[in-house]
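K.L.:
With the hints as constraints, model all of the structure from the sequences given.
Number of protein chains: 2
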Amino acid sequence: MIRRRKTRAIRVGPVTVGGGAPVSVQSMTKTPTTDVEATAAQIDSLARAGCDIVRVAVPSPEAAGALAEIVRRSPLPIVADVHFDHRLALAAVEAGAAGLRINPGNIGSREKVAAVAAAARERGVPIRVGVNAGSLEKPLRRRVEGGELSLSEAMVESALRHIRLVEDLDFREIKVSLKASDVVTTVEAYRLLAKRCDCPFHVGVTEAGTIRAGTIRSAAGIGILLMDGLCDTIRVSLTGPPEEEVRVARRLLQAMGERRNEPILISCPTCGRTSIDVVGLAEQVEAILERIHEPICVAVMGCEVNGPGEAREADLGIAGSGGGAPRGGRTRRRDARGPCGGRGVIFRKGEIVRRCAEREILKVFREELDSLLAQRGKTQD
Amino acid sequence: MIRRRKTRAIRVGPVTVGGGAPVSVQSMTKTPTTDVEATAAQIDSLARAGCDIVRVAVPSPEAAGALAEIVRRSPLPIVADVHFDHRLALAAVEAGAAGLRINPGNIGSREKVAAVAAAARERGVPIRVGVNAGSLEKPLRRRVEGGELSLSEAMVESALRHIRLVEDLDFREIKVSLKASDVVTTVEAYRLLAKRCDCPFHVGVTEAGTIRAGTIRSAAGIGILLMDGLCDTIRVSLTGPPEEEVRVARRLLQAMGERRNEPILISCPTCGRTSIDVVGLAEQVEAILERIHEPICVAVMGCEVNGPGEAREADLGIAGSGGGAPRGGRTRRRDARGPCGGRGVIFRKGEIVRRCAEREILKVFREELDSLLAQRGKTQD
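Listed in order, the protein sequences are those of chains W and B. According to this note's numbering, the first sequence holds residues 1 to 381 in order. According to this note's numbering, the second sequence holds residues 1 to 381 in order.
To be clear, the hints were calculated from the coordinates, so they are not data collected in a lab. Take the hints with a grain of salt, since some may be wrong.
Copies of one chain are not kept apart here, so a pair can be met inside one copy or by any two copies together.
List of simulated lysine-lysine pairs, DSSO-like, C-alpha gap at most 30 Å [what the hints assert, rightly or not]:
| # | residue 1 | residue 2 |
| --- | --- | --- |
| 1 | 349 | 363 |
| 2 | 363 | 112 |
| 3 | 6 | 195 |
| 4 | 138 | 349 |
| 5 | 138 | 195 |
| 6 | 138 | 378 |
All values derive from a computational prediction rather than experimental measurement.
P.N.:
Quick look at the structure:
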């Protein structure tokens, strides 16, 4: 339903970014790059979590030295993250990086940028121009402080300057990121730049915060830009394990309809009508669904009154049975969400197909899930 | 920075919704309404978490009977959630509900709707027209199935029909919600309706799922509509404790610049450059900040190289010191995020003001925070 912005396609190893390719998920290793074992293990773990492209910091010659072995072991294409020193960028390309993240403006003279672009061109390595609101060039920062430009406008000017710098060297394999820790500024910057170039966008909200706060800020910021069709590749940035960044990113893509081959679980927020342990059941069903890669919609709903109807789009659903008006002015159980004596129903596309005791419900759900998957020629594992 | 849609203002008890009033936060009790003690306790807890308006399910005469005492004890205005039975709506108004959430189309005859509107008008109680994609009127559903209307268009038609039904009774204290479990459909529906009425919007993504998945879907869906300026009051819907719904909602509002009197914490995602325990420090700083109600921006950054610069907007920040190139091809510590022997800096607006050992850093941070708050005439508690 979302119309994507038209962008040029570039390739990061085997992954196409832009040109209408599926929105890819990136993360970044948080191990010291010089620790090859730890970094390779983290990349493996990221690949299992569903990461498409992994970025690795290359802050030193030693890190650049470790990169070749990391690349050799990695199941994912690696983007080398380099600041300031163009020799590190050259070394990273030499080591087999599938992409470079640099800020051409802080790499130094035109000759240095030209050397990096030449090496990248020879190896078919794209460059991400990464503009960060916190490290804008001084002249632009002064124009922001003077009220001449908004922060987002200044970020766009910086990006365009860097894009021109590289394109003047006849290098066009460019994607762009515009990161601010403020969601609204980030969104405004991407929206402005979208009108002024066709480079694919790497989208993220930087310094997003702890897992909880960062999930909220990233889901809002990236979600807005997904709805606009402006994301070609995304990074959820969390102060936490990188695998969690990937999980949040994938769930966000799925929520926005950009990953169609995964199950989706909807569950009601529960209310005074709830007659089964919705929270517990939803968590358990979520765990069951994590091992299935099939576009199936599953619902866990508190009550039979609203559940099957409100979740009629669900291929398969669970609802509490006998909710609604509690008897004698109290519910039959003090704790309406205790793991005990309720009853439930299983429904398909709004129609109740089975009834059972609450303690049986997961078993019955699995049976129905098996049968649904079997109809599609799939299994639960 | 976000321009809000112009809407009529209505009042839910002491809370103004629409007309440019701050975006308010709603949640819903998940206790049996007939259990007055449990429900009153949950409302108190929601108030402490920062909830502005609380909704209570009224599924039975017994629940309606309990409502008067719940209202009497509640520090928050209560919206009664009623389906089908107009007598429950009348009883809820009688019991002192500050608002009604009904679906005029399923309350029954025009006379019944008129009776509810008359009672609501007399008590100054607004009505929320709550359209849910899962329970659309059959004729509209058929038009969707026949391909004549999209689901979002059908939701809008349903809302307009209900709004007209109530406005024809000369009742205008109306807010509207359009909920679908699908984010894109929800967003499209609100965007369409925004052009066709001036009723304030209650925005949420329904059946959003477990805390993790639901946070992502709600932050994306509500975030998009906050950016559009279309939210007047919001509900984050989670299969989990209602207090968590409120915390997520408030963080989202803050992230979108809609709550300016709260601290904001930015923290870097950590990378191979990190030399302190950023994750642990960020979590601890977040806990310290939860007790402060002052618009202050705090940063926790992994390295001195990028940290103070990238977070120059922070009033106060922590960064690791001595990161960057690890010595001898390894970091000095195997686990770069262990709670041990690193060093850190404290910075203000990008300028380093103190240096200390990592184990001292929280103590030093608190001192600097105290001094910053003292300058503003505030304290940490």
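K.L.:
If a hint holds in the structure, say so; if it doesn't, say that too.
P.N.:
Evaluation of the provided hints:
Taking the shortest Cα distances, residue 349 and residue 363 sit within 30 Å of each other inside one copy (20 Å), while across copies they are farther apart (57 Å). Taking the closest pair of Cα atoms, residue 363 and residue 112 never come within 30 Å of each other, the shortest separation being 64 Å inside a single copy and 44 Å across copies. In this homomeric assembly, residue 6 and residue 195 come within 30 Å of each other (Cα to Cα) both inside a single copy, at 11 Å, and across copies, at 28 Å. Proximity of residue 138 to residue 349 under the C-alpha cut-off of 30 Å is restricted to the inter-copy arrangement: shortest distance 16 Å between copies versus 59 Å within a copy.
Only within a single protomer do residue 138 and residue 195 lie at most 30 Å apart by alpha-carbon distance; the minimum there is 25 Å, versus 43 Å between protomers. In this assembly of identical chains, residue 138 and residue 378 lie within 30 Å of each other by CA distance neither inside one copy nor across copies; the values are 58 Å within and 34 Å between.
Hints 2, 6 from the earlier list are contradicted by this structure; the remaining hints agree with it.
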